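Q: In this note's numbering, the protein residues as written are 477 to 592.
In short, the hints are calculated from the structure, not lab data.
Incorrect hints may appear among the rest.
The following label-pair restraints were derived from C-beta to C-beta distances [as the list claims (entries may be wrong)]:
| no. | residue 1 | residue 2 | range |
| --- | --- | --- | --- |
| 1 | 514 | 585 | 28 to 36 Å |
| 2 | 569 | 512 | 22 to 30 Å |
| 3 | 496 | 589 | 16 to 24 Å |
| 4 | 579 | 497 | 29 to 37 Å |
Because the structure is a prediction, the values reported are computed rather than measured.
Positions of the beta carbon are idealized from the N, C-alpha and C atoms, including for glycine.
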Amino acid sequence: TNKNNDAPNLSLTLGPCTFDSPDVGVVFTAPFWDEETGGARLRVVVAGLGPPGLAAAMRLAQPTIPPMMRAPFSNQVPDFVVVDHNVTAMGTGGFLAAGFWGRRWEFLPATSYWRC
Numbered sequence: 477t478n479k480n481n482d483a484p485n486l487s488l489t490l491g492p493c494t495f496d497s498p499d500v501g502v503v504f505t506a507p508f509w510d511e512e513t514g515g516a517r518l519r520v521v522v523a524g525l526g527p528p529g530l531a532a533a534m535r536l537a538q539p540t541i542p543p544m545m546r547a548p549f550s551n552q553v554p555d556f557v558v559v560d561h562n563v564t565a566m567g568t569g570g571f572l573a574a575g576f577w578g579r580r581w582e583f584l585p586a587t588s589y590w591r592c
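Based on the sequences and whatever the hints tell you, model everything.
A: Put into structure tokens, the structure is as follows:
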């Protein structure tokens, strides 16, 4: 618990961009080794640099035209997406960054979009 009620200074660096606003949220896939099964798995991580950022990232889980379309989270999200509050009004036009990891889970400019 922070006794001074100061929010921690969080930031996210992806490719050439560093995002540091609490409005920023991120959804990404990441590899992990499952000790129980002895196999490689994927995780989906949803996080925000603050409560507004987490809310923005979670908006990707809402259907866009209920009930005619699945939630974008379920079938239309690339390996990583960085968003802020603009994603509500602008949809994918509000993405700050999006793309696909390389074969070794590295950032690849050729398969990515970003707006710093």
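Q: All hints are to be evaluated individually against the structure, with a verdict given for each.
A: Now for the hints, and whether the structure bears them out:
1. 514 / 585: 28 to 36 Å: holds, 35 Å
2. 569 / 512: 22 to 30 Å: violated, 41 Å
3. 496 / 589: 16 to 24 Å: Roughly 20 Å apart at Cβ, these two residues keep to the hinted range, so it holds.
4. 579 / 497: 29 to 37 Å: holds, 31 Å
Violated hint for the displayed structure: number 2, the only one.
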